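Trainee: Sequence:
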Amino acid sequence: MTAADGAPGPAGAPLSAREVSVFFPVGSQVMARVQGEERRLRAVDGVDLEIGRGEALALVGESGSGKSTLALALCGLQPVDTGEIKLNGKTVGARRSQADRRRVQMVFQDPYSSLNPRLTVGGVLRELLHVHHVVPRGEVGTESERLLTLVGLPEEAVGAYPRQFSGGQRQRIAIARALALRPEVLIADEPVSALDVSVQATILNLLASLRAELGLSLLLISHNLAVVRHLCDRVAVMYLGRIVEVAPTEQLFSDPRHPYTRGLLAAIPRLAAGVPDAEAPAISGDPPSPLNIPSGCRFRTRCPIAQQRCEEEDPELTGAAEVPGHLAACHFAFAPAPPAGTGLARAGEQA
0 MTAADGAPGP AGAPLSAREV SVFFPVGSQV MARVQGEERR LRAVDGVDLE
50 IGRGEALALV GESGSGKSTL ALALCGLQPV DTGEIKLNGK TVGARRSQAD
100 RRRVQMVFQD PYSSLNPRLT VGGVLRELLH VHHVVPRGEV GTESERLLTL
150 VGLPEEAVGA YPRQFSGGQR QRIAIARALA LRPEVLIADE PVSALDVSVQ
200 ATILNLLASL RAELGLSLLL ISHNLAVVRH LCDRVAVMYL GRIVEVAPTE
250 QLFSDPRHPY TRGLLAAIPR LAAGVPDAEA PAISGDPPSP LNIPSGCRFR
300 TRCPIAQQRC EEEDPELTGA AEVPGHLAAC HFAFAPAPPA GTGLARAGEQ
350 A
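Residue numbers (numbering that gives the first Met the number 0): 0 to 350.
Keep in mind that the hints are not guaranteed to be accurate.
Stated by the list, open to error - As a list, the in silico DMTMM-like pairs of lysine to aspartate or glutamate whose alpha-carbon atoms are at most 25 Å apart:
id, residue 1, residue 2
1, K85, E183
2, K85, E18
3, K85, D232
4, K89, E183
5, K89, D109
6, K85, D254
7, K89, D99
Claimed, not checked - Computed Cβ-Cβ distance ranges for the label pairs, DEER-style:
id, residue 1, residue 2, range
8, V133, G26, 12 to 22 Å
9, P247, P116, 33 to 43 Å
10, G214, A334, 15 to 25 Å
Hints were generated in silico from the structure; no laboratory data involved.
Quick caveat, the model's predicted, so the values are computed rather than measured.
Yeah, the Cβ is synthetic: ideal placement off N, Cα and C, and Gly gets one too.
Given the sequences, and given the hints that come with them, work out the whole structure.
Mentor: See below:
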């Protein structure tokens with residue numbers, strides 16, 4: 000079963016991506032014409048992904064793996080070079096209709112820079128409600144107050160500026176702004192990483208309650224695997240521009256099949272020995288450059304079980320009948336026992 004055959008998410012997905020790639024040109028365009036070829040950085044490279052209706056899906060991976068670029072592409076803020084994105088089964092182009100733009104909204108990582116400091120909170124919300132005709136003109140003020148109440152802020156916040164709020168409150172405002180357009184899918188890109196630990200839990204609990212109350216589909220991008228385990232139904236693991244493993248959350252934590260996922264889980268601090276994956280080998284070295292991706296499996300230069308086959312064949316994202324809903328891009332993901340490494344995995348090796 001492949002990602003294309005088995006559909007990595009539940010039926011009726013409001014948002015899906017098929018073979019989506021995003022490239023960025025590198026270097027001078029003049030030199031590219033002289034040399035006859037253009038160097039391109041493959042930030043997202045052939046990704047298949049589905050978010051089910053009402054589902055919470057986590058997207059995890061190291062910094063630079065392409066998570067935020069994929070999120071921007073899914074919500075229409077980053078053009079897609081190849082592949083297609085579908086909303087409710089309908090392919091959307093580079094220029095989305097106003098209705099399609101409303102369906103997918105994003106909460107950005109930094110609440111300090113994602114809000115316009117020159118507009119009051121009410122001004123931010125009223126502008127959206129008016130331009131998109133969400134409610135009749137006479138109900139805009141009431142709807143703005145309702146949105147603030149929904150995210151746990153007093154109605155009086157309408158007349159205040161973003162600078163008058165704490166980081167956690169600003170993130171609540173950003174969530175209210177995203178919900179103003181009544182989206183079907185909410186993408187949260189590291190929504191608590193810029194906040195104090197003391198307020199992170201309140202924002203995460205808010206997202207969970209809003210998802211249940213409004214029936215939202217949630218794509219959560221996070222480095223915090225404890226948060227992912229608490230909040231999400233499924234997890235997609237991304238490495239060097241590709242999804243390398245997708246599984247239901249508890250299944251992925253208890254039985255990871257990709258060596259990269261095992262390494263991520265092994266890096267979680269633990270208070271006691273004997274916890275599953277506590278003895279898994281840590282990930283060594285740095286990820287290869289997206290400008291010089293290794294041949295075959297792109298994780299092989301850091302993989303403790305790499306074989307000659309890994310250097311020659313690029314593994315597909317596939318599954319097995321005995322573990323439904325679990326996909327992994329590793330030649331040995333569903334083998335009875337992982338092989339011993341052959342020394343191919345040397346930190347920093349480039350193909």
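Trainee: Does each hint fit the structure? Answer for all of them.
Mentor: Results for each hint:
no. : hint                    : verdict
1   : K85 x E183              : holds (13 Å)
2   : K85 x E18               : holds (12 Å)
3   : K85 x D232              : holds (21 Å)
4   : K89 x E183              : holds (14 Å)
5   : K89 x D109              : violated (32 Å)
6   : K85 x D254              : violated (31 Å)
7   : K89 x D99               : holds (10 Å)
8   : V133 x G26: 12 to 22 Å  : violated (44 Å)
9   : P247 x P116: 33 to 43 Å : holds (42 Å)
10  : G214 x A334: 15 to 25 Å : violated (40 Å)
The structure does not agree with the numbered hints 5, 6, 8 and 10 stated previously, though it agrees with the rest.
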